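Student: Residues per chain, in single letters:
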Amino acid sequence: MTRKVVITGLGVVAPNASNAVDFEAAIRKGQSGIRHVEAMATSKFGCRVGGVPQGIDALVAAEFPEDELLAMNMSHRYASLASLEAWLDAGLPRPDREDPSVDWDSGAILGTGIGGMDTTGEKVIPLTDAGKVRRLGSTAVEQVMASGISARISGQFALGNQVTTNSSACSTGAEAIAMGLERIRSGRAERMICGGAEAASHYIWAGFDAMRVLNRGSNEEPEKASRPMSASAGGFVPGAGAGVLVLESEESALARGARIYAEIKGQGLNCGGHREGGSMTAPNPDGVRRCIGMALADAGISPDQVDAINGHLTATGADPREIGSWAAALGRGPGELPPITSTKSMVGHTLGAAGAIESVACILMLKGGFVHPSINCEDVHPEIEQHRDSIPHTLREMPEMKTIVKAGFGFGDVNVCLVFEKWEA
Amino acid sequence: MEQSEIMGNVVKILTPWVKNEDALQSVSMETSILDDLKVNSARLVDVVIAFEDEFDIEIEDEDVDSVNSVGDAVTLISSKLD
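Chain order of the listed sequences is A and B.
The opening position of the first sequence corresponds to residue 1 in the numbering used here, with each subsequent residue numbered one higher.
The opening position of the second sequence corresponds to residue 426 in the numbering used here, with each subsequent residue numbered one higher.
Extracted from the complex, chain A is given alone in its bound form (with noise of 0.2 Å):
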């Protein structure tokens, strides 16, 4: 059984804005959500910039009981307001606590890249390892373990169909949303939340930072530190937040009237396998260009057919291999690749909520008819240059975009890719 499933419902938390309408004017803007993160500066960091969700504590306790505010970490907290967004933006009802009915036909698949690592820097290794074990009470568990966030929203909206987190690096966050259009395409759900979310904490990025994979070099503007496809891109800029949108089997939507943003056409999951120049830490091209083929054969559309592309883009040294995966991919040579954006140039890598993110962005997008600018790469990278008029350094206006592709790719050498399209009844 074979199903069209279609997006009823986004929510977003990200650096530049805590909602879909603010994340819409901010990226049509080109505006950062990079800031100085004094808690990298304090820890000796090389890269002292971050993409951080402001007022979300405010914004938590106007929404959700204090029961559930103490139990919930950040990664939770990102979840939650970006999940309820979602809920509520796809016309469905809120459930009452008291209410004993289970929604059986709705599920959740929502993602993290390292989990509740900020409750396990600061509460559970402290007061273990000061012997005071007893002291962490009963709701670190629920914070630590990786099916933390999706457990927390199966209960804020009484969810009885498969609830769940994947892992799978930065592809995690369209790696959720693959998996829930498999699992409303074969019958198995009416409605899936998708997405990811990733916690903002100097634990989180220490690793990262040791890896010399952060942009140690724009700590003084901090807004001009993500540079995505630049000669100058130094590296990427850690980010949190969290990314969901609701998918639904089309005939669901239509029989409720819901307002339908777009259709989910295709998806394409792989693994490079380590070999031919692909590692723990970079991508076997030909894996890329498999995984977006795979999908654009999913979605049954041709190369040609592809209008925009919101790319991985990190603003690392694999920036131009991407950009050679796509043109390679897609059989456009130089000048001939469509639109090609970088979200992460505004809100930085949020890893694991990543792909949800920017497909919140690529929704809005189709929808909205426009490309959002990629910014800070004024200076486009030399291997770049032959697809310079490709990247949009300002909004580009595009009312005819019919299909937008989406790519995400994560350590262990993981690819993902979505094929969004307008939605025609």
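Treat the hints as calculated values from the structure; they're not laboratory data.
Worth double-checking, as some hints may not be accurate.
[Unchecked claim] Anything over 12 Å on all C-beta distances counts as not near chain A; from chain B, calculated:
hint, residue
1, Thr456
2, Ile474
3, Asp478
4, Glu479
5, Phe480
6, Asn493
7, Gly496
8, Ser504
9, Asp507
[Claimed, not checked] FRET-style restraints, in silico, Cβ to Cβ:
hint, chain 1, residue 1, chain 2, residue 2, range
10, A, Pro399, B, Glu446, 47 to 53 Å
11, A, Asp22, B, Ser429, 45 to 51 Å
12, B, Ser491, A, Ala41, 47 to 53 Å
13, A, Trp104, B, Asp490, 35 to 41 Å
14, A, Trp104, B, Asp481, 46 to 52 Å
15, A, Arg134, B, Ser429, 25 to 31 Å
16, B, Ser491, A, Arg135, 18 to 24 Å
17, A, Gly121, B, Glu446, 44 to 50 Å
18, B, Val489, A, Arg256, 46 to 52 Å
19, A, Asp22, B, Gln450, 36 to 42 Å
20, A, Gly121, B, Ser491, 22 to 28 Å
Every value quoted in this text rests on a predicted model; they were computed, and no experiment measured them.
Note that the Cβ used here is the ideal one computed from N, Cα and C, for glycine as well.
Please arrange chain B on chain A, whose structure you already have, making use of the hints.
Tutor: Using the frame of chain A, we list chain B on its own:
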């Protein structure tokens, strides 16, 4: 410390964990923490840690087993303060 003062602090500590806020309006020494206030039983360990911090006492795990009502908690805390 007066029992009424202890009870006030006990209720204050329980409040964030209470799911039945109506029961909180008519709370008494007889009010059951789990059955009436609908505090999740897993959260009792957090409540006990808060009692220890608030009253500067130590509560043994076996002491907790005897606490069902708000009054049980007040009595236990009073005995530790003596």
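Student: Is it true that the C-beta distance of Gly121(A) to Ser491(B) lies inside 22 to 28 Å, as the hint says?
Tutor: violated (36 Å)
Student: Taking 46 to 52 Å as the hint, is the beta-carbon distance of Trp104(A) and Asp481(B) inside that range?
Tutor: holds (49 Å)
Student: Given a hinted range of 25 to 31 Å, is it respected by the beta-carbon distance of Arg134(A) and Ser429(B)?
Tutor: holds (29 Å)
Student: Is it true that the C-beta distance of Gly121(A) to Glu446(B) lies inside 44 to 50 Å, as the hint says?
Tutor: violated (34 Å)
Student: Confirm or reject the statement that Ser504(B) sits farther than 12 Å, beta carbon to beta carbon, from all of chain A.
Tutor: Fine: 20 Å to the nearest Cβ keeps Ser504(B) off the interface.
Student: Since Gly496(B) was said not to touch the interface, does its Cβ keep a gap of more than 12 Å from each Cβ of chain A?
Tutor: holds (22 Å)
Student: Range first: 36 to 42 Å. Now tell me if the beta carbons of Asp22(A) and Gln450(B) are that far apart.
Tutor: With a Cβ separation near 38 Å, Asp22(A) and Gln450(B) satisfy 36 to 42 Å, so the hint holds.
Student: Confirm or reject the claim that Val489(B) and Arg256(A) have a C-beta distance inside 46 to 52 Å.
Tutor: holds (48 Å)
Student: Is the Cβ of Glu479(B) more than 12 Å away from each Cβ in chain A?
Tutor: holds (14 Å)
Student: Is the Cβ of Asp478(B) more than 12 Å away from each Cβ in chain A?
Tutor: violated (9 Å)
Student: If you check the beta carbons of Pro399(A) and Glu446(B), does the distance land in 47 to 53 Å?
Tutor: At 51 Å between Cβs, range holds.
Student: Quick check: does the Cβ-Cβ distance between Asp22(A) and Ser429(B) fall within 45 to 51 Å?
Tutor: The hinted range 45 to 51 Å holds for Asp22(A) and Ser429(B), with Cβ atoms some 49 Å apart.
When held up to the earlier numbered hints, the structure conflicts with 2, 3, 17 and 20 and fits the remainder.
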